[in-house]
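*Asks:* So the chains spell out like this:
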Amino acid sequence: MTTAPDADEVRRRTRDLLSAYPPATTERTAFLRARFDAGLAWVHYPAGLGGLDAPRSLQPVVDAALAAAGAPGNDPRRIGIGLGMAAPTILGFGTDEQKRRFLRPLWAGEEVWCQLFSEPGAGSDLAALGTRAVRDGSDWVVDGQKVWTSSAHVARWAILIARTDPDLPKHRGISYFICDMTDPGVEVRPLRQITGEAEFNEVFLTGVRIPDSRRLGPVGEGWKVAQTTLMNERVSIGGARIPREGGMIGPVSRTWRERPELRTHDLHQRLLTLWVEAEVARLTGERLRQQLVAGQPGPEGSGMKLAFARLNQEISGLEVELLGQEGLLYGDWTMRRPELVDFTGRDAGYRYLRSKGNSIEGGTSEVLLNIVAERVLGLPAEPRNDKDVAWKDLSR
Amino acid sequence: MTAPNQSAATPDLLYSEAEEDLRSAVRSLLADRAGAPAVTAAAESGTPYDPRLWKALATGIGAAGLLVPETLGGQGASHREAAVVLEELGRGVTPAPFLTSAVAATGTLLALEAEDGPVAALLAELASGRTTAVLAVPFATPPSGALTGAVAASAGVLDGTVRGVADAVAADVLLVPTAEGLYEVRTAGDAVALEPLVALDLTRPLAAVTLAGATGTLLADAAAADGAVRHGLLTGAGLLASEQLGLAEWCLTETVRYTRERHQFNRPVGSFQSLKHRMAQLWLQVVSARAAARNAADALATGSPDAPLAVAVAQAYCSKAAVHAAEECVQLHGGIGMTWEHPAHLYLKRAKADSIAYGTAGSHLGTVAGLAEIPAP
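From first to last, the protein sequence lines are chains A and B.
Residue numbering for the first sequence follows my numbering, starting at 1 and increasing by one per position.
Residue numbering for the second sequence follows my numbering, starting at 1 and increasing by one per position.
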């Protein structure tokens with residue numbers, strides 16, 4: 001039996017990587033591949049799959065040493081869906097072959113992933129989805145429409161859930177696949193949003209053939225696999241430490257300080273209240289981070305998204321008002337297709353409109369409140385009339 | 001102008017093992033001696049504190065001297081531990097002079113940094129748990145408030161009336177700020193009259209204190225006294241947030257328990273989404289209040305320069321959270337929440353009174369405005 005590497009071992013491996021691949025003279029992707037192969041990508045992953053079977057808490061040791069040496073990073077924001085959702089699901093349910101094929105280019109940022117989950121008729125009620133996958137020899141033939149798909153226009157791969165048996169109750173007839181976004185029948189259309197931009201997409205799947213070797217988990221157990229994805233989606237807090245005024249309260253506080261002519265008593269009281277709430281939310285996130293480090297993860301994570309969604313909306317709304325006459329203007333309505341959401345680099349009007357999505361994307365606030373009520377507080381579930389009914393017989 | 005500086009040290013927002021042990025000790029003592037019926041009975045009896053309970057808490061557990069150094073007979077613990085005691089006293093809405101005597105009055109005396117003399121002697125007395133002291137200022141006074149004027153001092157003889165002094169009826173010693181300095185006055189003398197007032201909060205008595213030629217011992221001159229009393233009030237305000245946290249937690253826990261059991265329309269009422277969402281929102285406020293309260297306690301414990309802002313943030317947040325929790329508790333209990341028999345009213349009254357104690361949320365927002373550089377128009 002081997003023991004898990006300790007901090008010294010991780011430091012030694014990091015030094016070895018840096019001397020074999022000096023960041024100054026190594027091409028970015030080559031360095032990232034070498035880092036993956038050295039087990040320093042995500043140290044808590046298995047050996048051979050970018051990790052060392054080491055405690056997760058040792059990752060900051062690696063990150064700090066590499067940052068100090070000026071090593072290139074893998075731009076985690078650009079590949080967030082792959083890192084945060086596809087990777088843990090592939091690790092948990094993939095075959096050895098799938099793990100070997102997908103994890104390295106995913107982590108190194110060579111292949112961007114998107115998530116084909118939500119549908120026009122199945123948002124919060126995700127398990128009601130209607131995209132069909134029908135078995136045809138060693139392939140599945142997929143037809144349907146997905147929506148709210150970030151990164152679909154730049155993605156090479158997608159995680160996909162589709163209905164493989166409409167005669168079963170909705171949670172039981174779903175299977176989980178890896179979809180090649182370059183295959184015939186995959187059509188990505190920009191979905192222009194409230195901000196004027198198309199940061200999200202609609203994805204139309206028409207007779208798309210997915211080999212059975214790209215199924216994740218058993219047929220009909222896709223909902224269980226999707227739970228892993230969704231759980232990882234919501235564990236978004238924890239890594240970074242946010243400084244005071246690090247969020248949306250920062251820009252509006254700076255405007256307040258720099259533009260005394262905009263100040264009114266009403267706005268002052270509201271800004272102070274939001275400043276306090278933003279500071280308390282920051283401390284709540286910090287406390288959650290400390291709990292994770294101490295190995296006592298708390299349920300607070302489920303609440304942080306709720307808090308930040310509300311705060312972002314209220315703060316950005318106040319900011320537009322504070323700007324008064326200037327708040328009547330908007331930066332640019334030209335239809336664009338950004339690769340990333342960039343809140344802080346944009347004007348107040350954009351922030352106000354974009355933040356409306358914070359209480360919808362990744363689970364609406366209403367659904368998250370149900371989750372907190374049922375899973376954290378143990379309150380009884382809503383009565384359900386869809387549990388034992390075949391999906392095809394449900395009203396929609 | 002730039003953003004206010006982030007304090008260099010990251011606060012420790014968790015509970016240590018020793019703090020959890022202290023919590024268990026206080027909780028089991030309160031479960032034995034101060035259940036809701038006992039608290040209700042005490043509130044009606046006119047004798048606000050059960051002396052045996054206070055003795056067990058103050059001396060048995062050593063709560064009276066938590067903040068006092070061991071050299072003066074105290075526990076040499078910190079505000080972090082005192083905050084945990086207050087969480088439990090808030091959870092039990094327990095009548096006990098811990099906040100006023102062992103925290104605010106003790107915090108005032110500790111700020112004078114005396115190693116001997118009357119201040120050190122009084123601290124040792126308070127730490128023993130045999131004596132309690134209160135600041136003779138209205139309970140609503142914020143750390144930034146006006147402190148002197150009500151009592152005039154002349155050559156150690158004090159005259160004047162201070163209304164709304166919390167826990168004065170049970171106190172042995174008054175700490176009286178005057179223009180001349182801070183005086184210690186024993187309540188046992190004839191020249192001190194304590195007139196109980198009918199208080200909104202049944203579990204924390206208020207009194208009008210009248211000094212008519214009372215003799216006082218000068219503890220600090222005016223300059224030192226002002227800073228010390230403000231520090232005492234800051235300590236009280238900062239740790240009051242933990243009492244508010246414990247209170248809010250009780251309200252949430254009991255409301256969840258009740259709505260799981262109570263059936264209407266052939267369902268537990270806690271299965272209705274409108275109620276579930278309200279309780280989930282309340283839970284989020286409680287976990288946020290915990291982070292704010294721990295931050296304030298840690299800042300006071302470490303003597304952080306961030307403490308005044310941490311306390312103002314905690315008070316601005318936790319006052320509202322506790323009142324909201326108590327109001328939701330009454331509402332979601334339905335009719336039973338309106339009865340005298342159910343303890344919910346004790347929590348509502350304590351929460352509302354706490355939201356005024358040591359300064360309202362609004363006055364603390366004013367402090368935030370100054371410290372966070374969000375100036376008024």
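The hints are simulated quantities; they were obtained by calculation from the structure and are not laboratory data.
C-beta atoms are modelled at their ideal positions from N, C-alpha and C, and glycine is treated no differently.
There could be a bad hint or two in this list.
[As the list claims (entries may be wrong)] Using 27 Å as the maximum straight-line C-alpha spacing, the simulated DSSO-like pairs for lysine-lysine come out as follows: (1) B/Lys320 to B/Lys349; (2) A/Lys305 to A/Lys99; (3) A/Lys356 to B/Lys349; (4) A/Lys305 to B/Lys320.
[To be verified] Chain A is faced by these chain B residues, among others (derived, beta-carbon under 8 Å): (5) Ala199; (6) Val256; (7) Gly370; (8) Ala372.
*Asks:* Would you mind marking each hint as holding or not holding in the structure?
*Replies:* Quick rundown of the hints versus the structure:
1. With a CA separation close to 13 Å, the supplied pair lysine 320 of chain B and lysine 349 of chain B stays within the 27 Å bound.
2. Restraint check: the Cα-Cα separation between lysine 305 of chain A and lysine 99 of chain A comes to about 30 Å, which exceeds 27 Å; the hinted pair is violated.
3. Restraint check for lysine 356 of chain A and lysine 349 of chain B: not satisfied, since their Cα atoms lie roughly 38 Å apart, outside the 27 Å limit.
4. Note on lysine 305 of chain A and lysine 320 of chain B: the hinted pairing holds, with a Cα-Cα distance of about 21 Å set against a maximum of 27 Å.
5. The interface hint given for alanine 199 of chain B is violated, since its Cβ lies 28 Å from the closest Cβ of chain A, which is over the 8 Å cut-off.
6. For the restraint placing valine 256 of chain B at the interface with chain A, the shortest Cβ-Cβ distance is roughly 5 Å, inside the 8 Å limit, so the hint holds.
7. Checking glycine 370 of chain B against chain A: minimum C-beta separation of about 11 Å lies over 8 Å; hint violated.
8. At about 6 Å, the closest approach between the beta carbon of alanine 372 of chain B and any beta carbon in chain A falls short of 8 Å, and the interface hint on this residue holds.
Going down the numbered hints, you'll see the structure goes against 2, 3, 5 and 7, while the others check out.
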